[in-house]
Structures are given as C-alpha cells and as structure tokens.
Amino acid sequence: MSIVAEGQPKERLPAWSRFRGWTTNPWGRPRFLVVVTWAYVLWSIVPVLIAIQFSFNATRSRTAWQGFSTRWYWGDPVDSVWHDPTLRHALVQSLKLASADVLIATPIGVLLAIGLARWQGRGSRASNFLMLFPLVTPEIVMGVSLLLVFTQVFTFVHTGTVAQILGHVTFSISYVVVIVRGRLFSIGKQYEEAAADLGASPSAALVRVLFPLLMPAIVAGAAVVFAVSIDDFVISQWLSSGGGTDTVPIQIYSATRAAPLPSTNAIASVMLVVTLGAIALAFFVWRAFTRGERRTGAKPTESLGVFEI
Amino acid sequence: MAHPKERPGALTRRTFLLRTAGAASALSAGGFLASCSSSTTPEETTGAKGEPVGPGGLPLARPDRRVTLPLWEDPIESGLEPETGGTFTVFNYPAYFYKKLLKDFGKKYDVEVQYTGFDNIASGIQRLASGGVKPDVMEMTPDNLDLAVAGKLIKPINLDYVPNLKKNVWPELVSPFYDVGSHYTVPYTCYATGIAWRNDKVTEDIAGMPQPWDIFWESSAYRGKVALLSEQRETIAMALLRKGQLDVNTEDPKLIDRAVADLKELYDVCNIKVDDVQYQSIPEGTSWLHQAWSGDMIAAYIYYLPKGTPASVLSYWKAEKGKVPVQNDCFSICSTTKKPVLAHLFLNFLLDNGVAYSNFVDFNGYQPPLDEIDPSELLSKGIVPRHLQNSVLTNDDFGPDSLQEMTLTARGQRLWEDGYSDFVAGGGS
Amino acid sequence: MYRRWLWPGFAFPGVLWLVVLFVVPFYAVLAVALGTVDPILSRPVPIWNPLEWNVGWVVEVLHRLAPGGTFSGVAVRTVEYVAISLALCLLVGYPVAYYIARHAGRTRNALLILLILPFWISYLMRMLAWVNLLSPDGYVNRFLVFTHALGQPRDWLGGHPSTVILALVYGYIPYLILPLYAALDRIDRSHLEAARDLGASPFSAFVHVTLPLSKVGILGGAVLITLPMFGDYYTPNMVSSAPQTSMIGNQIDLYFHGGPQPTIGAAITVLLAAFLTVLMAYYMWTIHRASRELQAA
Numbered sequence: 001m002s003i004v005a006e007g008q009p010k011e012r013l014p015a016w017s018r019f020r021g022w023t024t025n026p027w028g029r030p031r032f033l034v035v036v037t038w039a040y041v042l043w044s045i046v047p048v049l050i051a052i053q054f055s056f057n058a059t060r061s062r063t064a065w066q067g068f069s070t071r072w073y074w075g076d077p078v079d080s081v082w083h084d085p086t087l088r089h090a091l092v093q094s095l096k097l098a099s100a101d102v103l104i105a106t107p108i109g110v111l112l113a114i115g116l117a118r119w120q121g122r123g124s125r126a127s128n129f130l131m132l133f134p135l136v137t138p139e140i141v142m143g144v145s146l147l148l149v150f151t152q153v154f155t156f157v158h159t160g161t162v163a164q165i166l167g168h169v170t171f172s173i174s175y176v177v178v179i180v181r182g183r184l185f186s187i188g189k190q191y192e193e194a195a196a197d198l199g200a201s202p203s204a205a206l207v208r209v210l211f212p213l214l215m216p217a218i219v220a221g222a223a224v225v226f227a228v229s230i231d232d233f234v235i236s237q238w239l240s241s242g243g244g245t246d247t248v249p250i251q252i253y254s255a256t257r258a259a260p261l262p263s264t265n266a267i268a269s270v271m272l273v274v275t276l277g278a279i280a281l282a283f284f285v286w287r288a289f290t291r292g293e294r295r296t297g298a299k300p301t302e303s304l305g306v307f308e309i
Numbered sequence: 001m002a003h004p005k006e007r008p009g010a011l012t013r014r015t016f017l018l019r020t021a022g023a024a025s026a027l028s029a030g031g032f033l034a035s036c037s038s039s040t041t042p043e044e045t046t047g048a049k050g051e052p053v054g055p056g057g058l059p060l061a062r063p064d065r066r067v068t069l070p071l072w073e074d075p076i077e078s079g080l081e082p083e084t085g086g087t088f089t090v091f092n093y094p095a096y097f098y099k100k101l102l103k104d105f106g107k108k109y110d111v112e113v114q115y116t117g118f119d120n121i122a123s124g125i126q127r128l129a130s131g132g133v134k135p136d137v138m139e140m141t142p143d144n145l146d147l148a149v150a151g152k153l154i155k156p157i158n159l160d161y162v163p164n165l166k167k168n169v170w171p172e173l174v175s176p177f178y179d180v181g182s183h184y185t186v187p188y189t190c191y192a193t194g195i196a197w198r199n200d201k202v203t204e205d206i207a208g209m210p211q212p213w214d215i216f217w218e219s220s221a222y223r224g225k226v227a228l229l230s231e232q233r234e235t236i237a238m239a240l241l242r243k244g245q246l247d248v249n250t251e252d253p254k255l256i257d258r259a260v261a262d263l264k265e266l267y268d269v270c271n272i273k274v275d276d277v278q279y280q281s282i283p284e285g286t287s288w289l290h291q292a293w294s295g296d297m298i299a300a301y302i303y304y305l306p307k308g309t310p311a312s313v314l315s316y317w318k319a320e321k322g323k324v325p326v327q328n329d330c331f332s333i334c335s336t337t338k339k340p341v342l343a344h345l346f347l348n349f350l351l352d353n354g355v356a357y358s359n360f361v362d363f364n365g366y367q368p369p370l371d372e373i374d375p376s377e378l379l380s381k382g383i384v385p386r387h388l389q390n391s392v393l394t395n396d397d398f399g400p401d402s403l404q405e406m407t408l409t410a411r412g413q414r415l416w417e418d419g420y421s422d423f424v425a426g427g428g429s
Numbered sequence: 001m002y003r004r005w006l007w008p009g010f011a012f013p014g015v016l017w018l019v020v021l022f023v024v025p026f027y028a029v030l031a032v033a034l035g036t037v038d039p040i041l042s043r044p045v046p047i048w049n050p051l052e053w054n055v056g057w058v059v060e061v062l063h064r065l066a067p068g069g070t071f072s073g074v075a076v077r078t079v080e081y082v083a084i085s086l087a088l089c090l091l092v093g094y095p096v097a098y099y100i101a102r103h104a105g106r107t108r109n110a111l112l113i114l115l116i117l118p119f120w121i122s123y124l125m126r127m128l129a130w131v132n133l134l135s136p137d138g139y140v141n142r143f144l145v146f147t148h149a150l151g152q153p154r155d156w157l158g159g160h161p162s163t164v165i166l167a168l169v170y171g172y173i174p175y176l177i178l179p180l181y182a183a184l185d186r187i188d189r190s191h192l193e194a195a196r197d198l199g200a201s202p203f204s205a206f207v208h209v210t211l212p213l214s215k216v217g218i219l220g221g222a223v224l225i226t227l228p229m230f231g232d233y234y235t236p237n238m239v240s241s242a243p244q245t246s247m248i249g250n251q252i253d254l255y256f257h258g259g260p261q262p263t264i265g266a267a268i269t270v271l272l273a274a275f276l277t278v279l280m281a282y283y284m285w286t287i288h289r290a291s292r293e294l295q296a297a
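Protein chains in written order, with our numbering: chain A, 1 to 309; chain B, 1 to 429; chain C, 1 to 297.
Keep in mind the hints are simulated off the structure, nothing from the lab. Among the hints, a few may not be true.
Said to hold, decoys possible - Distance windows between CB atoms, simulated:
1) G9(C) / K338(B): 44 to 52 Å
2) F133(A) / Q295(C): 23 to 31 Å
3) M209(B) / R142(C): 35 to 43 Å
4) P202(A) / V76(C): 55 to 63 Å
5) D197(A) / G105(C): 37 to 45 Å
Virtual Cβ for every residue (Gly too), placed ideally from N, Cα, C.
When you get a sec, could you build the whole thing from the sequences and use the hints?
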C-alpha cells in the first residue's frame with residue numbers, strides 16, 4: 001500500500017514491492033495467514049459435515065449421495081438407530097456413563113479445585129501435581145492400569161458399567177478442577193472477605209457468596225465432563241465386559257473397522273447433537289451468570305488460561 | 001429372522017477365540033516360580049511317560065491322543081427334580097445364544113434366565129476364577145478345558161440328564177478326544193478355517209491351486225485388500241499348513257520362526273491387513289481375499305450381503321480333512337451353580353434339534369454338530385447357497401486324523417504369542 | 001476467617017479418589033510387570049513388595065526393544081509417526097493460532113468457536129468421517145481424479161503410513177492449536193512494536209520476539225498431543241489395520257487379550273510411561289528455565 005499525502009502525485013512502486021507490502025503489512029491482515037486459517041477451519045469441519053450429511057442418505061452408501069431420508073435414524077426397521085438394539089443400547093450406555101460421571105466428578109472436582117487453590121500447607125503442591133497427571137497420561141496407560149486394578153486388586157469391581165464409571169470419573173476430575181480453578185483465580189478472595197466484614201459466618205460465605213460466584217464454572221465443568229465422557233473410547237473399551245457395556249464410540253470403532261453403514265454416521269451425529277446441546281446450555285448459563293461481570297469488561301479469553309499447564 | 005446386528009457381537013467373540021492362551025503352564029500342581037527373581041520361563045514338566053502336560057498335570061489332548069479327564073468330584077445323582085424359581089445365569093460370548101430360546105427355557109422351568117457376556121473365553125474364565133461372576137452354565141472351548149478342570153471351575157456331568165447328547169449329536173463329538181466320556185462338556189457349535197474371497201475381484205481359481213494358501217503370497221494384484229484373521233493360532237497355523245507342516249500344535253521354535261518369517265513376506269507382497277471382520281468386509285467389498293471361518297460366508301450370505309450384490313460373488317474354500325483346522329465350541333456346568341439339575345437340563349435343551357436349528361438359522365450363524373442338520377437340508381431350505389456348500393461341516397470332518405488347534409504347554413503358548421506379536425509388529429529394523 | 005483444615009478437607013475426597021484409582025492402578029501395573037504369571041490360569045500375579053520384584057519380564061521387553069528385537073521396528077515407527085505428526089501439526093497449527101491471536105479482528109470470536117468445535121466432536125466420529133472420505137469411491141478420490149491430480153483412485157485405506165499420519169494430524173491438531181492460541185494471545189503487542197520501532201523486519205521480529213515468547217506455548221501444546229499420541233492404537237486400526245503401520249499401543253493391546261503373558265503388556269506399558277515421564281521432565285525443566293528467564297527479564 002503506498003502512503004499518499006494529499007495533493008502529491010502518486011508514486012507507483014514496483015509490483016513486487018506492492019505485493020510484499022500487501023502481504024507483510026504488520027498493521028493490516030496478512031493474506032497468507034488468512035488463507036491458511038480458513039483452509040484449516042474448512043479442513044477441520046467439513047469432513048464432519050459431510051459425515052452428518054450422509055447419515056441422511058437414502059441408500060446404504062456413505063460415499064454416493066442418493067437422496068434425503070431419515071431411515072437411518074428411525075425409519076429402517078432393522079438397521080436404524082431407533083430400531084437396532086445394539087445401537088440403542090450403546091446410546092443408553094453412553095448417556096448412563098456420562099450422567100453418572102457428571103454427578104460424581106463435578107462435586108469432587110469443585111471441592112478439589114477450591115481446596116487446592118487455597119491450601120497453603122505441605123502436600124498441596126503434591127496434590128496439585130497429582131491432579132494434573134491424568135491430563136497428560138496416555139489413555140492406554142490409564143486403561144491398562146484400571147483394568148489391572150479391577151481384575152487384580154479391587155476384584156469385587158470386575159469389568160463392566162461400574163468400572164467404566166469409576167474410570168471416567170478418574171480422568172474427569174482434573175477437567176473440573178482446571179476449569180473451576182481459573183474462575184476461582186479471577187474471583188479472588190475479595191467477595192468472601194467483604195461478606196465476612198458484613199458479618200457472615202465462614203459457611204455462609206462459602207455457600208451464599210462463593211458457590212454462586214463459581215456456578216458458571218461449575219456448570220461449564222459439568223458440561224465438559226459430560227462431553228468428555230460421552231466421547232471417551234479407550235477407557236470405556238478396556239473396562240467393558242462385552243456387548244452390554246459397549247458405548248457409542250466403541251460401536252463406531254467396530255463399525256468403522258468392519259463396514260460402516262450410514263447408521264453409524266447417524267448415531268455419531270446424535271451424540272454430536274447431544275454434546276453440543278450440553279455445551280451450548282452451559283455456555284448460556286455461564287453468560288447469564290456473568291452478565292454483571294461483562295459490564296465491567298473482563299476479557300473473555302482469560303478463561304483460556306486453563307490450557308497453561 | 002432375528003436382527004442381524006446382533007451378529008457382530010457373536011462374531012466379535014471370534015476375535016478372541018481361544019486357540020491362543022488362557023490355558024496354562026506346564027508347571028506341576030505345586031510348583032511356583034516366585035523364588036526366581038529374574039525369570040520369565042516356566043519350569044518345564046512332563047508327565048509320567050515323558051509327554052508334555054498341561055495345567056494340573058493333565059495330559060494334553062490331541063485328535064489322535066484321547067484324554068479322559070479325571071473327576072474331581074462325583075456328578076450329581078440321577079433322577080432328581082429340577083430346581084425352579086430364581087435366576088439362572090448363562091455365561092457366554094455376547095450375542096452368541098438366541099435370547100428368545102433362553103426365554104423359552106426360563107418359561108418352561110419357571111426361572112429367569114440371565115445372560116452375562118465375556119470379552120473372550122480367557123477373560124471369562126479369569127472372571128469366574130476370581131469370583132466376579134457366579135454363573136450356572138458357561139461356554140467352553142476344548143483348549144481351555146484343561147485349566148477349567150484343573151482349577152475346578154466346572155462340574156462333572158451326569159449324562160442321564162442329557163439324553164440328547166447321544167441321540168442328536170455327531171458320533172465323533174459324543175465322546176470327543178479332548179473329553180472322553182463327555183465328563184465335562186457337550187458340543188455347541190463347530191467351524192473350520194479356510195479362505196473367503198470375492199470371485200468377481202479375485203480371478204484366480206483358488207480351489208484349483210495345488211496349494212490354495214499360496215494365493216496370499218501371490219496376491220500383489222490385490223494389494224491393500226487382503227487380510228488374515230487377527231488370531232495368534234490361525235495365522236501361524238496357516239503358514240505352517242502352507243508349507244505342508246501339519247502339526248498345528250507344534251512347539252518347535254524353528255518351525256514357528258519360519259512360519260512367522262513367511263508371514264512377514266506378506267507385508268511387501270500385498271500390504272497384508274489383520275482383522276476379524278471378514279463376514280462383513282467381504283460382502284461389502286472392502287476386502288477381497290480374507291482368511292475366514294466356515295460360518296463367515298454363511299453369515300455374510302444371510303445377513304450382510306448388501307442389496308444389489310449377488311450371492312454368487314462370495315466364494316469359500318477349505319482344505320480336505322487332515323489339512324483343514326476344525327474346531328468346536330462346548331458348554332459346561334459351572335461349579336458355582338446352585339441349580340445343578342437345571343444346568344444339566346439346559347445342556348440337554350441346547351442339544352435339542354429344534355432349539356439348535358433355531359439358534360443357528362435365526363440368530364447365531366454358527367453350525368451345531370447335530371445329525372439332523374446336514375448340508376443337504378440346509379441347501380434345500382436355502383440357508384446356504386449351492387456354491388457355498390463347503391462352508392457346512394459334517395461328522396466326517398472330525399476324527400482322529402483331523403486337525404484341531406488344542407492346548408499347548410506354557411512354553412508353547414508363549415512361542416506362539418510371541419511369534420504372532422512379531423508378525424503384527426510390522427517389521428522394520 | 002476459615003479454619004485451616006477446611007481447604008485440605010475440601011481437597012481430601014478428590015485426592016483420595018485419585019490416589020485410589022490413579023496412583024494405586026499405576027502401582028498395580030508396576031507390580032504386574034515385575035510380577036509373575038499364575039501357572040494354572042495364566043493370570044498375572046502381581047508382586048507388591050519391591051524387594052521381591054521379578055525383573056525378568058521388563059528385561060525381556062527391553063531386549064525386544066533393542067535394535068534387532070521384535071519390538072524395535074514398531075517402537076521406532078511409533079516415534080517416527082509421532083514426530084512427523086507433531087511437525088505437521090505445528091506447521092499447520094502455528095500459523096492458524098498466530099493469525100487468530102494477533103490479526104483476526106472482528107472474525108476472531110467466530111474463528112474461536114470454530115477452533116473449539118472439534119473438541120466437542122468425538123474423535124472417533126472425526127476418524128469415521130475420514131474413513132468415509134478416503135474410501136475407494138469417496139470424495140477425496142473423486143476430487144483428485146476429477147482435477148487430474150491422480151490418474152486413478154488411490155487405495156488410501158490399504159495400509160499406508162501417510163494415511164495414518166494424516167489421521168493423527170487431523171485428530172490431534174485441535175489440542176495443539178488452542179493452547180498455542182492461548183499462549184500467543186498473551187504476548188504483549190508492545191514487544192513487537194518495540195522491535196519494529198528498532199528497525200526489525202516483520203520476519204525478524206517474528207523470529208526474535210514472537211517465537212521465543214511462544215516457546216512455552218509450543219511446548220505445552222506439543223506435550224499435550226504427543227503424550228497421548230504415543231499410546232494411540234485405535235487410529236492405525238481404523239484407517240489401516242495393517243501390521244506395517246502398527247504402533248506400540250497395538251502391541252500392548254495384543255498382550256492383554258487373555259494371552260499367557262499379560263506381564264509383557266504390563267512391562268511395555270511401564271516402559272512407555274517411563275519414556276513419557278522423561279519427555280515430561282524435559283518439558284517441566286524447560287518451563288522452569290523459561291519462567292526464570294522471564295522473571296529475570
């Protein structure tokens with residue numbers, strides 16, 4: 001871009017300089033990066049959109065579009081998600097595990113987050129370290145260890161639904177802690193201290209001041225746990241005891257290895273909608289609860305500090 | 001016809017079909033290796049006559065070496081009334097027994113029949129041993145029989161309660177070599193291992209080749225569409241049979257190493273794959289040439305053939321007797337049962353011609369070894385198309401000169417498992 | 001105003017849970033890997049007392065991992081796949097994170113949502129989507145043949161390393177981009193302005209200011225994706241299922257299917273965890289050094 005002062009004859013820079021200026025202007029938008037970014041976004045999302053599209057295919061092909069139909073969702077009396085007992089059962093099992101996971105991991109995680117954030121004594125660093133470990137442990141290592149512990153040590157819990165729930169909660173707690181902790185840091189101690197100054201007892205300060213302030217993070221944490229649990233594959237597979245405890249990801253895995261039908265796409269899409277619904281719900285709850293704070297201009301991306309390990 | 005999607009469960013069990021391990025070491029009953037702080041190999045023991053033994057000192061059965069299993073307790077008395085009321089638990093691979101038939105049994109004897117699934121027979125036995133489940137009857141495979149008996153996990157059978165055994169079952173399997181006198185088992189299903197292919201894609205006349213197994217080593221034209229079963233015993237056994245080595249229970253490291261080396265050639269020949277979904281991938285065309293069990297093409301024909309694909313594209317070959325690995329699954333009574341008489345009657349129930357036929361045709365796809373269910377009947381009823389006739393087994397496929405993958409000593413099992421692991425590791429440096 | 005024991009008390013249930021169901025299982029893997037096998041049932045017999053540990057199995061696995069052993073090929077291949085996938089993820093992910101963090105302006109929120117979206121899409125669904133696209137008659141082949149980039153359809157799913165790497169990159173890149181974005185977002189614009197004011201070219205400013213400041217973010221993201229990637233076994237199974245593209249996770253999977261040597265599976269797991277701990281330690285040490293530098297600055 002040439003810088004033009006009013007009234008002066010325009011000097012035309014050589015084409016190459018103009019192009020370089022156009023692409024490398026540090027105060028403008030680099031075109032190359034724009035292209036790469038949008039190309040990435042398309043590459044990232046479009047395959048999934050196509051998969052969803054084919055779940056509505058009228059024939060059993062996953063590659064040749066032959067018309068719109070809902071047969072794979074409920075129409076087909078044999079293979080649709082609604083009618084196929086294996087798929088239906090997997091759906092139910094996934095929802096069961098995810099719900100149990102949320103109900104158990106969220107309270108434990110919230111308490112752990114608060115405890116870790118404020119615990120000054122010895123052992124708090126070790127506990128913090130311990131909490132972070134599941135986030136970076138490869139799932140197969142966790143799967144192996146949980147399988148062995150449930151077949152060698154705690155043999156009263158053999159593989160099955162209970163084992164799967166216990167395994168899910170174990171890796172979910174850390175997600176809740178990380179999310180709630182971020183919120184805790186941005187709240188600080190000021191509100192509870194103000195409450196104490198106004199005469200509140202410690203438990204009142206906790207229950208009537210801190211928890212409501214934490215609510216958006218708790219809901220976000222619950223939604224994340226729900227989503228992570230629904231999409232979990234490795235732990236569910238290692239702790240599964242056969243057909244009855246298979247979840248949707250396990251079904252998708254088996255079907256993809258054999259010969260997937262559009263009903264596989266369909267059940268994956270159903271799971272996607274459920275997950276997005278939970279996340280959207282949490283998002284709106286978060287926004288509703290933090291309406292007041294937004295007016296004071298807190299940066300929305302602060303919460304992404306959760307990714308700093 | 002039952003819902004075909006319940007099949008994958010049944011055939012997933014094949015993944016873990018126990019020709020692999022779960023059977024035990026060659027240690028005599030009292031020995032342990034705890035004292036050695038750096039050992040991985042078990043102590044080798046041989047029986048009184050110098051032959052290798054399995055768990056608990058039980059001799060290893062082979063088709064030409066019949067074994068009578070000792071009774072660790074007396075079977076129940078004859079003439080007792082069946083127990084009723086409460087629950088009756090069947091422990092099996094998932095979706096391997098038609099639920100409707102279980103309900104019928106439950107109604108007849110006024111019990112609630114529960115069906116508990118195990119991932120594979122080895123983990124099932126371990127769950128049983130650890131007390132995680134307390135079933136009444138359980139599916140069993142001949143190569144796990146030794147350890148189940150040595151571990152006292154299954155009870156001896158009083159055959160007075162199971163007249164269908166002698167009445168309906170193939171003579172060869174009434175008092176089989178692995179359980180002479182049928183003290184602990186009754187047969188449930190049978191199958192063989194061979195080759196399945198799409199004859200519209202693979203043009204060779206595989207059945208007409210001097211050594212049909214060679215097709216895998218000559219399949220460069222079908223690169224990426226060729227697969228073997230993801231089974232330790234089946235893959236190595238196939239390589240052994242191809243070279244004319246008929247002992248599929250060999251423990252000779254040199255033979256196993258050579259078989260594994262042969263299998264590794266397949267990486268470059270056809271980018272070999274390893275999976276157990278042939279019953280679906282062959283009819284769908286995502287695989288063109290696959291090592292397969294005999295029931296797979298029947299299942300493919302009945303359940304998995306997409307509309308528009310003619311059944312004539314499916315082909316199956318298995319070798320003649322003495323060169324083809326055959327196998328049969330069984331059922332046993334668990335020691336944890338509180339309804340032993342009813343358990344006996346269940347064994348009789350599953351050997352009933354009508355029940356077994358319904359289980360096979362309406363649900364399972366696995367052939368029961370009963371006299372009344374023979375190839376001509378299946379052909380005439382359209383269960384099996386004519387060109388897949390050889391997928392059906394007969395009594396003649398079993399006998400002292402048949403091949404059956406059976407229990408190995410602990411050393412043997414490790415050799416096979418390590419060989420398979422070497423093959424599946426994909427080569428490299 | 002709160003009692004001192006309140007916070008440890010809050011933390012107690014969580015810590016107890018993690019100890020019982022995370023630490024103890026880890027120890028169980030160790031005890032099995034350094035244990036023996038039950039003679040009759042081939043069940044693993046864990047040895048809990050460190051003084052009695054049987055190192056035979058771990059030594060055996062180490063032998064196999066050494067060059068010439070049966071595991072050396074698959075171990076090297078796993079490291080290769082992870083390294084190449086990480087490099088590709090960074091190559092694609094860094095520009096994207098950079099653009100969104102620094103330049104996106106009004107479209108930033110929309111882009112952020114699109115960035116976060118893959119997190120909520122099941123990994124397996126994303127792989128399923130690619131398996132469909134890469135089928136012989138899938139859109140990828142059709143597009144490539146249509147644009148004459150390919151003469152005839154390629155068999156993407158026939159057991160090729162390139163397909164596995166593509167799948168790994170696609171699967172794990174969202175987990176890299178988001179932390180990278182968060183780190184880049186934190187970098188103060190004024191540093192860059194200062195560099196430009198001092199005469200640095202845009203490229204030089206990037207190399208000397210932005211890149212070093214984002215090192216922590218790069219490392220964090222790299223750790224977040226390579227550690228799980230090392231244990232991946234389902235991605236090769238879904239897009240390839242050929243032994244030639246298997247990863248070390250497939251071997252672990254194999255030995256835990258009721259075979260006579262679950263101890264080998266446990267030993268591989270222990271060695272894999274040890275290897276990853278070394279990587280983690282390197283990461284922590286770098287973070288520690290970087291934060292010390294930042295504090296000194």
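Okay, the hints, checked on the actual structure:
1. Under the hint 44 to 52 Å, the C-beta atoms of G9(C) and K338(B), about 46 Å apart, fit the expected range.
2. Taking the beta carbon of each, F133(A) and Q295(C) are about 26 Å apart, inside 23 to 31 Å as hinted.
3. For M209(B) and R142(C), the hinted distance range of 35 to 43 Å is satisfied, since their beta carbons lie about 36 Å from each other.
4. In this structure, P202(A) and V76(C) meet the distance hint of 55 to 63 Å, their C-beta atoms being roughly 58 Å apart.
5. Between D197(A) and G105(C) the beta carbon distance is about 43 Å. The supplied range of 37 to 45 Å therefore holds.
Going down the numbered hints, you'll see the structure goes against none, and every one checks out.
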